[in-house]
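K.L.:
The task is simple: from the sequences and hints, build the whole structure.
Number of protein chains: 2
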Amino acid sequence: MKPYVLGIDIGGTNTVFGLVDARGVVIASDSIKTAKHNRIEDYLDELYAGATRLIEANDAVDKVHGIGIGAPNSNYFTGMIEDGVNLPWPTPIPLAKMVSEKFGIPVAITNDANAAAIGEMTYGAARGIKDFIMITLGTGVGSGIVINGQMVYGHDGLAGELGHVIVKRNNGRLCGCGRTGCLEAYCSATGVARTAREFLEIRANEPSLLRNIPVEQITSKDVYDAAISGDQMAKDIFDYTGTILGEAMADMIVFSSPAAFILFGGLSKSGELLLKPLRAALEKNTLQCFKGKTKVMLSELKEADAAVLGASALGWEAKPIETPQVPA
Amino acid sequence: MKPYVLGIDIGGTNTVFGLVDARGVVIASDSIKTAKHNRIEDYLDELYAGATRLIEANDAVDKVHGIGIGAPNSNYFTGMIEDGVNLPWPTPIPLAKMVSEKFGIPVAITNDANAAAIGEMTYGAARGIKDFIMITLGTGVGSGIVINGQMVYGHDGLAGELGHVIVKRNNGRLCGCGRTGCLEAYCSATGVARTAREFLEIRANEPSLLRNIPVEQITSKDVYDAAISGDQMAKDIFDYTGTILGEAMADMIVFSSPAAFILFGGLSKSGELLLKPLRAALEKNTLQCFKGKTKVMLSELKEADAAVLGASALGWEAKPIETPQVPA
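Which chain is which? The protein sequence lines are A and B, in order.
Residue 239 in our numbering sits at position 239 of the first sequence, with consecutive numbering throughout.
Plus 328 on top of the position in the second sequence (first one is 1) and you've got our numbering.
One or more hints might be untrue.
Claimed, not checked - The calculated EDC-like cross-link candidates involving lysine to aspartate or glutamate, where the alpha carbons are at most 16 Å apart (straight line), are: (1) A/LYS293 with B/GLU410; (2) A/LYS293 with B/ASP484; (3) A/LYS33 with A/GLU46; (4) B/LYS430 with B/GLU369; (5) B/LYS619 with A/GLU82; (6) A/LYS221 with A/GLU272; (7) A/LYS291 with B/ASP411; (8) B/LYS621 with A/ASP156; (9) A/LYS291 with B/ASP484; (10) B/LYS619 with A/ASP83; (11) A/LYS97 with A/ASP45; (12) B/LYS619 with A/ASP156.
None of these hints come from the bench; they were simulated from the model.
P.N.:
Put into structure tokens, the structure is as follows:
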């Protein structure tokens with residue numbers, strides 16, 4: 001097997017790519033602006049030029065086994081970026097095929113949370129764990145589910161959208177997906193900011209450091225800073241968030257009985273502010289036969305490398321796109 | 329491979345067992361009373377005698393490949409019936425080992441809902457479907473989850489307890505598991521009877537055929553009969569039940585994106601009374617990218633044979649229990 005893989009993480013703002021070896025060392029990486037090009041072809045030209053520079057500079061020509069791509073709304077089975085995604089090009093996009101033809105290297109794609117789970121399984125906290133659920137707490141809430149050592153893609157390649165389980169059935173918050181009450185509307189970074197605005201309004205007479213910030217500009221980082229400074233309302237916001245997440249995770253346990261949850265993304269770095277109420281809610285709400293069995297862990301991948309590492313891990317399983325055989 | 333398997337379904341009241349061929353034909357079956365014996369050894373003696381009679385009468389001596397057992401709270405990995413189960417013997421019970429030693433045939437066990445799912449996959453509606461969720465609507469609500477053609481057992485062998493996802497987070501009904509708001513407390517046969525009692529009390533001035541029955545004796549069958557007779561309250565009870573089930577199923581879809589749900593058990597025979605509100609709630613609550621993709625099907629296994637068939641299907645994958653090697 002060739003010794004390297006190329007990992008590409010396509011975000012709404014930046015596309016980060018890196019050359020990775022079998023031990024999960026990012027040999028070199030670089031990035032381009034995702035939205036700079038209106039035409040996907042121009043974007044791929046720049047990506048190809050940048051990645052080729054990396055490969056050549058590191059003596060890796062003809063040594064790249066596969067390319068793994070993490071991209072929003074992308075489908076492992078079809079290799080397509082599906083509809084309804086915040087990227088500057090018309091969808092669906094047959095991305096795996098386009099990148100594979102461009103580079104002459106096999107390509108596999110999946111969504112960013114699945115890529116993170118594969119990265120964690122290959123290089124991180126989930127090594128040796130056959131049943132776990134990765135939950136990414138960023139601008140949104142994503143998930144990657146591994147059962148019996150295999151990623152769960154579902155019948156259509158799109159499984160593992162646990163940010164969209166309903167945690168509040170009635171009068172829930174409007175979610176970006178158009179429904180109401182999704183986990184993501186509460187336990188993402190933006191969800192925490194929404195909770196802050198709600199608490200400031202409901203508890204109008206209670207002083208809080210958060211009142212020093214224009215209400216529409218409050219971020220989850222502001223809430224974190226206030227909580228660390230001892231602000232009661234900010235601490236209560238984390239309690240509220242962790243409790244909802246723990247309750248939702250208790251419901252995930254009855255589905256697949258994972259050995260561990262692995263939390264990843266900005267909010268997961270809030271540490272015990274989030275984890276303490278989360279663990280309490282998980283323990284309280286877990287069905288008796290599963291109580292105390294499922295670990296809650298934090299990602300072991302370095303934030304700067306994680307996206308590329310996750311995507312790259314998928315590169316090891318990339319296979320050439322099959323060309324239909326034409327009978328002679 | 330030997331041509332037959334023996335399926336054993338252990339229920340709280342009856343234990344049904346049958347000799348099954350590779351096409352899923354129940355060659356012969358019989359039953360004994362589960363609770364007749366206070367000692368598991370005596371129970372197994374009677375089971376062995378009964379099954380041996382079947383095997384001998386059908387010229388199947390030395391032709392049984394394996395024994396599959398469906399039993400409550402049983403663990404595929406350990407072969408044990410775990411704690412907290414409504415059977416007359418002290419738990420945990422190393423049932424797979426005990427039965428295997430008794431018969432001299434490899435044994436595999438799992439819970440009844442998983443057995444039903446394996447039966448459906450082997451002989452029924454799920455043939456050829458690699459991703460589906462079986463939901464059993466009986467006295468309780470059970471589930472068997474198949475992902476990528478494999479049963480989901482989780483890290484501890486106990487996964488797939490979807491009757492215990494929380495459908496009502498606050499002020500939910502007390503469930504047999506000790507928590508509140510579980511799906512099972514609403515969408516089981518007993519849940520339907522509870523809904524009937526609630527509706528009769530809340531809608532105290534509304535006439536209903538159900539008022540002709542002593543309130544504590546109302547069963548889901550009574551509600552079904554009343555609904556078929558056009559009783560509005562009874563129809564509303566099915567609407568309520570189907571809606572809750574459909575909402576819960578929409579949350580299951582974001583987890584594993586199954587190609588199909590397969591409903592099994594007494595309540596599933598209510599037909600459109602249950603399925604119409606269920607499908608409406610499922611459609612309304614499903615995340616956009618999954619809408620309209622997941623079929624809702626009814627089990628194709630005959631009720632009388634289903635439990636034995638499901639258990640028997642597991643017999644095909646039973647392997648001899650490994651005896652630790654003693655160094656010479």
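K.L.:
Against each hint, give a clear statement of whether it holds in the structure.
P.N.:
Hint by hint, here is what the structure shows:
no.	hint	verdict
1	A/LYS293 with B/GLU410	15 Å, holds
2	A/LYS293 with B/ASP484	9 Å, holds
3	A/LYS33 with A/GLU46	10 Å, holds
4	B/LYS430 with B/GLU369	10 Å, holds
5	B/LYS619 with A/GLU82	14 Å, holds
6	A/LYS221 with A/GLU272	15 Å, holds
7	A/LYS291 with B/ASP411	13 Å, holds
8	B/LYS621 with A/ASP156	9 Å, holds
9	A/LYS291 with B/ASP484	12 Å, holds
10	B/LYS619 with A/ASP83	13 Å, holds
11	A/LYS97 with A/ASP45	14 Å, holds
12	B/LYS619 with A/ASP156	12 Å, holds
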